[in-house]
Amino acid sequence: MYSEIASNKRRSIFIMLAFMVFAALMAWIFGEYAGSPSITIAVLIGALTYAVITYFAGSSLSLAVSGAREIQSQDNPRLWRIVENLAITDGLPMPRVFIIDDPAPNAFATGRRPDKAAVCATSGLLTIMDDNELQGVFAHELGHVKNYDIRVSMIAFALSAVISILADIILRMTWFRSNDRESNENNQIFLIVGIVAAVVAPIVATLIQLAISRKREYLADATGALTTRYPEALASALEKIEHSGSVLRRQNTATAHFFFANPLKGHAITNLFSTHPPIEERIRRLREMDRHA
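The sequence shown begins at 1 in the numbering used here and counts up one residue at a time.
Hints in this document: simulated from the structure, not taken from any laboratory.
Don't take every hint at face value.
Restricting the straight-line Cα-Cα distance to at most 30 Å, the calculated cross-link-like pairs of lysine-lysine (DSS-like) are [claimed, not checked]: (1) Lys215 / Lys265; (2) Lys215 / Lys240; (3) Lys215 / Lys116; (4) Lys265 / Lys240.
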């Protein structure tokens, strides 16, 4: 378990480097395509500055775009008590607690580090889960906090936003410059490169999120089950979510990897790039843990 936590910290650095290299490539394409290579450095500095700002403000942004509202103990004593008890058990600071008014059962954790963490439940989750199941879900979410998954998620969230912006700028430039009759052969080459970069960039960002997300979901399931000593509660919660659906009314692909279960509509292409492992496999692993307990 501790080796996985150390691995997540190292992975934070590797992911940041990979995104920086890709952002630098995008900035170079931007500069060359604009016909002014000297602006590449300025674009890269601006992009990285935006990434840093997004990283530090990302927790608030992810909560805001999800429509989450912060609560205190008197607002929902049941949820507050469960989160507080689990935080004490895990030796973690008490996170801020939020609720999203949405009938779909789901939850997520966010924040740069444990003392800046926040956890959130949908109203639908609070409605259909009994106390043991709700405890299992939030043991999983605090598992993300304990394992420093939230730091990895925030880095991915910040840098994928930068890549998406650069890709959008290149695509728009490609659209307008494609009508330029005076474009020379070199511009035509960058026209092709620009289109490819704009199409590939969001896919690369998604694939990196995918690579870091599926494994951490399994790890958080295991961490949560070890915390509660009751894997069946989490397996039962996953079964309820599988039957009722976890798709939220307010959806955002940039924050989807934060959630306990996939909050996006289940189209084929969405499933292909889903940041969440299959619920059936998560249930199977948890029940395998229970049998060997």
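We went through each hint and held it up to the structure:
no.: 1; hint: Lys215 / Lys265; verdict: 21 Å, holds
no.: 2; hint: Lys215 / Lys240; verdict: 22 Å, holds
no.: 3; hint: Lys215 / Lys116; verdict: 23 Å, holds
no.: 4; hint: Lys265 / Lys240; verdict: 17 Å, holds
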